Amino acid sequence: DTEVTQTPKHLVMGMTNKKSLKCEQHMGHRAMYWYKQKAKKPPELMFVYSYEKLSINESVPSRFSPECPNSSLLNLHLHALQPEDSALYLCASSQDVGVTYEQYFGPGTRLTVT
Amino acid sequence: GQNIDQPTEMTATEGAIVQINCTYQTSGFNGLFWYQQHAGEAPTFLSYNVLDGLEEKGRFSSFLSRSKGYSYLLLKELQMKDSASYLCAVREGRGGGNKLTFGTGTQLKVEL
Numbered sequence: 004d005t006e007v008t009q010t011p012k013h014l015v016m017g018m019t020n021k022k023s024l025k026c027e028q029h030m031g032h033r034a035m036y037w038y039k040q041k042a043k044k045p046p047e048l049m050f051v052y053s054y055e056k057l058s059i060n061e062s063v064p065s066r067f068s069p070e071c072p073n074s075s076l077l078n079l080h081l082h083a084l085q086p087e088d089s090a091l092y093l094c095a096s097s098q099d100v101g102v103t104y105e106q107y108f109g110p111g112t113r114l115t116v117t
Numbered sequence: 009g010q011n012i013d014q015p016t017e018m019t020a021t022e023g024a025i026v027q028i029n030c031t032y033q034t035s036g037f038n039g040l041f042w043y044q045q046h047a048g049e050a051p052t053f054l055s056y057n058v059l060d061g062l063e064e065k066g067r068f069s070s071f072l073s074r075s076k077g078y079s080y081l082l083l084k085e086l087q088m089k090d091s092a093s094y095l096c097a098v099r100e101g102r103g104g105g106n107k108l109t110f111g112t113g114t115q116l117k118v119e120l
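Taken in order, these protein sequences are the chains called A and B. No gaps in the numbering here: position 107 of the first sequence is 110 in our numbering, and each next residue is one more. No gaps in the numbering here: position 11 of the second sequence is 19 in our numbering, and each next residue is one more.
Bear in mind the hints are in silico, worked out from the structure with no lab data behind them. There's no promise every hint is true.
Partial list, derived from the structure: chain A residues whose beta carbon lies under 8 Å from chain B [what the hints assert, rightly or not]: (1) Met16; (2) Ala42; (3) Lys44; (4) Pro45; (5) Pro46; (6) Leu48; (7) Val51; (8) Leu93; (9) Glu105; (10) Gln106; (11) Phe108; (12) Gly109; (13) Pro110.
Here are the simulated lysine-lysine pairs, DSS-like style, with alpha carbons at most 27 Å apart [as the list claims (entries may be wrong)]: (14) B/Lys117 / B/Lys89; (15) B/Lys84 / A/Lys43; (16) B/Lys117 / A/Lys41; (17) A/Lys56 / A/Lys25.
Just so we're clear, the structure is a prediction, and the values are computed from it rather than from any experiment. Even glycine gets a Cβ: it sits at the ideal position worked out from N, Cα and C.
Given the sequences, and given the hints that come with them, work out the whole structure.
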């Protein structure tokens, strides 16, 4: 199984809503990542988890709150988002962070904030 | 910080060869990746270089010159399905995470 899954595929939420994005992998990878991708732009790193601990936060606003309940799951909790937060949110995983393993990306959640 | 440059768009003919260039400026370089991304889909890994030279994988090859801050992706025997965005990504050798910074991507269109 070399798949990273993400749910939901699409999400529309108002600025006062609270929602969560979910990501799962069963490859035994110990590093997981959240990226944000706007249309016709490259993915931008948001968070890195290594062995279930947050290791990198790229100065992301607190309205985005990541969580890694276990080594296979990664969540992104959303609260009080702005319309400019509308984007494709990609989850990725890699075997480890200490050496340069390729990252496997999920299909993404397309988020629209109204 | 990092600065990664790629051409925005390229067009090539089915069956031909195309070379997509990437230049970068970074502190703490620790590897360069190429990813392919079809519209509306996730990026998929193509190749990785950390030492100077050429890495070949079937129809795809990638070259790296660390002294020049330069890489290219070579696609041979182009097929229509190769029409996609090609992303150059540089790994920063930073403790605590495998941090990739992506270039803006090169949109490749393969024509008959």
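*Hints breached by this structure*: When the structure is compared with the hints, numbers 1 and 2 turn out to be violated.
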